[in-house]
Structures are given as structure tokens and as C-alpha cells.
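Just so you know, the sequences run in chain order P and X.
Numbered by this note's numbering, the letters in the first sequence go through residues 22 to 329 in order.
Numbered by this note's numbering, the letters in the second sequence go through residues 149 to 633 in order.
These are computed hints drawn from the structure, not numbers from a lab.
All clues stand as given, with none of them false.
Covered stretches of chain P (in silico footprint by chain X; criterion: 3 or more residues with CB under 8 Å from a CB of chain X, positions within the stretch not fixed):
1. 62–71
2. 273–283
Below, a list of computed lysine to aspartate or glutamate pairs in the EDC-like style, where the Cα atoms sit at most 16 Å apart:
3. 190(P) to 179(P)
4. 48(P) to 379(X)
5. 352(X) to 366(X)
6. 352(X) to 313(P)
7. 48(P) to 384(X)
8. 299(X) to 625(X)
9. 510(X) to 283(P)
10. 310(P) to 61(P)
11. 510(X) to 272(P)
12. 62(P) to 431(X)
13. 352(X) to 364(X)
14. 290(P) to 431(X)
Some chain X residues well away from chain P (every beta-carbon gap over 10 Å; in silico):
15. 204
16. 219
17. 234
18. 521
All C-beta atoms, glycine included, are put in the ideal place defined by N, C-alpha and C.
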Amino acid sequence: MYKIVEARSVGLNIKQFEIEAPRIARKQKPGQFLILRLHEKGERIPLTIKCSDPAAGTVTIVVQGIGKTTSLLNCLETGDSILDIVGPLGQPSEIENYGTAVILAGSVGTAMALPTANALKQAGNHVVFIEGARNTEMVVFEDEVRQASNETYIMTDDGSYGEKGLVTKKLNELLAAGRKIDFVLAVGPVPMMRAVAQVTKPLGIKTMVSLNSIMVDGTGMCGGCRVLLGDKSKFACVDGPEFDASLVNFEVLMQRNTMYREKECQSLKYFEEHKEEEVEQLRADLAAKEQETAEMSAELAAEEKHYV
Amino acid sequence: MSEKNALPLKERMKIARTHMPELDARVRSRNFEEVNLGLPVADALTEATRCIECAKPGCVVHCPVGVKIKEVVALIHAGEYLAAAAKLREDNSLPAITGRVCPQENQCEGGCVLGKKGAPVAIGNLERFVADFERESGQLGLPANAAPTGKSVAIVGSGPAGLSAAGDLVQKGHRVRVFEALHELGGVLIYGIPEFRLPKTIVKGEVDNLRRMGVEFETNVVVGKSVTIDELMHNEHFDAVFVATGAGLPVFLGVPGEQFNGVYSANEFLTRVNLMRAYQVTEYDEPVYDCRDRDVIVVGGGNTAMDAVRTARRLGAKSATLVYRRSETEMPARAEEVKHAREEGVEFRMLTAPVAFLGDEKGWLTGARCVRMELSEPDESGRRRPVEIKGSEFVMPTNVAIIGVGTTANPLIQSSTPDLATNKRNYIVADPESMRTSKRGVFAGGDIVTGGATVILAMGAGRKAAASIHEYLTSGEWEKAGTRD
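So here's chain P without its partners, still in its complex pose (with noise of 0.2 Å):
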């Protein structure tokens, strides 16, 4: 069982929690990501992880309650607990000096992004952070981006804070000003990373994108996660989860994203129709959990030891 030593709102139905995890505290790099589950009966799923500190032995995680899972774990408060986390996966972001980098990040995706651009900043990049929510409300972490960006633009659908559009409008201004990008990294919605490629590609700007494909154990056990690159195909879970944009089949990719789109809509409006239940039951699962496994060790404490 992994403690939540602190969850906090950041945004519109967007959580931010850091859970003790040590051993993924210890290895975590930009870019790699977790797996967890909530409770017995619940599903694998994997988010990426947006800092952790070794010395405490956290690992911090940002959500934003879309499906069931994500919904249930939205729930959980400070002192509450998590069933299982594994990680780090996935391949580290390759950090290199390539000059001036880009990051274009969509609402949650900004918090996947945030490690990246803070190693980028650091190994001598000007980084060029452009941070995309639907509205104000789903703007998050703007003190962090500014801090890990050398420029930074807020843009969101609306207008309603920042400036209007989508990222790539500002991305195609950049360019349309001259300014010479050597490296981008889009992190969002499937149709938003796909766009930055159509826009990169022609450019032969090196871009990198991070996918979400369906997973179940993270460590190249299933190939459900696969992703086509070219007329290769790759896992997202141990080859990835970041890919050269130019190559990916982003339709695919969609594609794949909805197999199971049916289930989760059910799942997602049961949960919504039976959420207190379905908290009070998390709860009392996690607890019963706990008993039994303090029950376990007393009782393999208790068994004498008998040598020959």
C-alpha cells in the first residue's frame, strides 16, 4: 500500500498527489511513468510522473479525472491510500543541448511536460514553454512553467486567459517570426500532438510526442500497447512512451484509443450514478487490506521458527 501524504486541487476536476513510492522515488528520470490500481477489482492504468523526491521517497502525480479510475482516484484525500504502484517505466526523455526547445503542453499534459522542460532548461536549452487549456479554470501550474521556460505563453480555447487558440497557432507564429526551433516536445490530446507533427514534419524539426496508448502491465508483457511507426511497431510501454513524431500513426493510434470506449462510458456512469458508495467501498477495501496484511505478518511473526 503506497500512502497519499498530500493531495491538492490544482484545476478544474484535476488532482495533484504525492504518494510515498520509494523505490520509484529513488529512479524516477523525466518523462517515465507509473501504473497503479486502486483497489481488487480495478483496472492497471498508467500516468506520468511529474517530479519525485528521493529523499522523502515520493513521487508526485497529476490527474485529471476522465474515466472511472481516474474519477474513483480523484476521491482520495491526504492519508488515504493507493493498492499498488509500479514503476519507473518507460524510456527516461533523451535530454540534450539542442538549442532553442519547445514544449507544447495541453491542460494536464502540462504537468508531463514540466520534468522534461526543467531537464531541457537545465542541460543549456532556451526553453520555449506554450501551455494550452480549454479555459482559465484548466490552466494549471503556471508558476512551475514559468520557472522551467526561459518564454512562456498561455494560450486556451476560449480566450478567456492567456491569449486565444490552440498551442499551435502559437507554434506557426513563432515560426511565421523567424525564429529558429531545434527541438520540440508535444505532450496532449491525441489530435493536438498530431497537429504539431503535421506542422514540424514538413519543417524536419526534430519533435517528440508522448503516447497514451491502452496498457495493461507496463513492461512489454501484452503488446497491447502497441503503436505503429512506420510499418514498425513499437510499445509504447518499454520502447516509448515518447516517439519520433514523424514517424507515428497517429490514426492508429486514435484508433486503438477507443476499443474499449463503449465499457468506459458505462463504467464512467455507473461510477457517477453510485460515487459515494463507491468511495465508502474503496475505503473499506483499503482498510480490510491493510488488516490482512498486518494479520499475515503477526501471524508469521507469531509461527516459531523451527531450525533442524
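Once you have looked at the hints, place chain X on chain P.
What follows is chain X alone, placed relative to chain P:
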């Protein structure tokens, strides 16, 4: 009642082999309950009576871990079931599991002299009988541990190789900690082999026994990612490491259309159903393709393919068809699985291979373009090589295609341990006798060394590794390898 078998040999040989009672095929092909129900006591006694107690028992020779089968069967005949279980445990720490999943026809029963003229003694069924008897009696014959040696061993992977090594090493007095990547212990026994063939409670029972013997377990640790082998040895002070990670990486066919929704690796399909319990749709969150009233094909001829196709049938598939490029004779699956699958209504389409998957405009699988094959000269595996019959293409309509043609080495450990030698297929190189790798203090065994094999072979490797690790920890000598029996 420990009298010897007094029945004359000729009389014993007249007794027919007892049959394992099974759930009715029509019932079981729609649920996940265990197919084999276990021998009743009377049948176990009869079966034990059939043994003619050879002076040189072929069954023992053919058992990969050398279980003293003749003695076990004699104890069953004498009604000493708990003693039989204890005898079994001397060589096999997971008898309830192997009694269910071993390919006995190629091993112990294949070596039984009775099989030359009639049916061999049903050794697998007897093994399961005593293991179940022992478990249900609650009087576990767990062996005592030697005094603590002060040495510690990290075992990577909680599958059959890791579990059997853990049992042996803890008995020798070493501190043993098993690291598992998934959230549940048991490796392939949990995520791979379905409930109807190996109930999860059996695996959990064996794991709990090891816990009682003092083995420590840590789940959610991906060695190579969460911690490296070097960190285990230097920072966490393990004196030896046994790598037993299995061959977990799925192999796809590499044909066009494998990205369509509805094409699964057998690993993914079985993991969703077994580990994540996707078959209990209303209770568990994990989804799996709704097989109900659909045509499902499974590509492959081994036990994994057989598990997948029987699972698809149980999930309500209208048709569940096994597509295999060779003929039934070459199928590596256990004979019992083939028999059970057929009874459950699984269709077999032999000498057939998919060359492309077809999908609709939204990317959902609609069919498999296949070719017919014929057998030619034997290949390096000794089996006749399948070759395509020109112009034999046809389309099999299907909504779910599951690829169960094998697995390969997962590179996570190798890539994070530069001084660990691997072969060109990325399996870890280890001495076949001493299980020692190129790296001092690191041993490897099971599928990560040999490639995909069976539960019992992995267990055998685990036991060999345990003996070699014990020798290393006792002598401190690394170079002197493979000298024990």
C-alpha cells in the same frame, strides 16, 4: 495400513486406468470452473494398485525433477496420503500445480512401462490427489529450515522457477526475497494459465506456504526499472541473485493488419482475463473484447493457444477456432488440453496460416486472410516443415484474433545489467548445470535462459539454481561450476 501391494502383477495389469472425473463439457464451456474434479479416494487407491513397482522405474527417469514417484505411489497404495505428499515435496515444492499442468504423457507417464501395452499409471492424477488431500487436511508437511546462514538471495520473478528456488533456498537457512513485477504473485501461473485449468486459490495456497516457510515477497517491483541487479547486490546487500523472469515478450506474426482492434497477443488476452479477471465483467473494471456471439480465431498450437481458445469459448464466442500451420501431430499442446478443447466445441483448422488481417474503415477486425499449408521435410525442431500451397488463399471471417505463437525474452534486465552475457536472441546465457551467468553472484534459469518451455522444466531449473546458489554461498567460490549432482 502400510502393507505392501500384495496383488500379483498379472492381476494388477488387468486393472483399467481410472478416469479423472470432469465437469460436463456443455456446462464448463460456459464457465471458468475447474474442468478436472480430482480423483475420489477409492479411485486413487485403485490407480496406485496398478503400479507394478519396476526395479528401474521409467517414470522417475522421465520426470524433469526426479520425483520419487515409485515411493509416492507405494505410500498412496498404503493409504499414507500425507506421507506421500511429504515424499513428493522432497523433490517438487509445487505438487498441486504440476499435478494439474505437467505434460505427463511426455514425462513420467511416458516412461511408465504399462504404457507400452496399455495405459500408463495416471501419475499426474495421483500427484494432484495427494497434493489436494494434504491441502484440504490442513496438515501441511512443510519441511523445517536449517539454521540461518546470514546470507541473502534475491529472486527476480515469482513464476514456477522463482517459487521453487525460493522454497529450496529458505530451507537451507538463507534469507530469500522474491521480487515480482505484477501486483499478484505466481507469474505465468496467475496471468497465463486460466482458472479452469489451475484455480488461483491453488497458486495462492502454495505462495502462502512459502511465506510460512519464511520467504519474503515484494510485488510491484520491475527489476531493471525499479531497481537494477547491481543495486540489489550493492545497495540492498543480496549475496546472490536468481533471475527467473520468464520469456514474457509476445511474438506477433508480423503480417499486415495486426494493429486492427480485435487482434490480441495471447499474453494480453489471457492477462486481461486471468490476472485482471475480465471474465467477471460486472464485478471487475478490466475490459476484454466482448466475444459473445462472435467468431474468434486463435493462432498457434501450444498450451497458450489452447488456453486462449478455450477461454474465448467460455467468454461466449459463437465459434472458437484454433488455426495452426502444421498438423495436429506436431501440436506442442498437452494431449488432455486438446481433448478437453474438442469436447468443449473448439474447432481445429490445421495446416492453415494467416497472411493478413482485414478490417473495416473504423479499424475493427473483420477477417483473416489465410493460406493452406502442406508438410514437407523435417526442420531443425524435427517436425515436418509447413509450406504454403500456392493459390490456396481464403478469408476466414473473424472479429477477434488472438496470436499465441510463442514468446521471447524480455530485455529489461539484460539492458540494465551490461555485464550479463546474452545470446543473439537476447536470452541470458547460463551454465545448464550450475545456472551461473557471466556475472559473479548472478544465476538465471527457466524460460529466460531456455526460451518458452513448461512449468515443470522451469521448476527443475529453479531447483538446480537453488543447489548451485547454496554451494556458492557456502564455498564462496564462483569459478567451480557444475560439479554437484
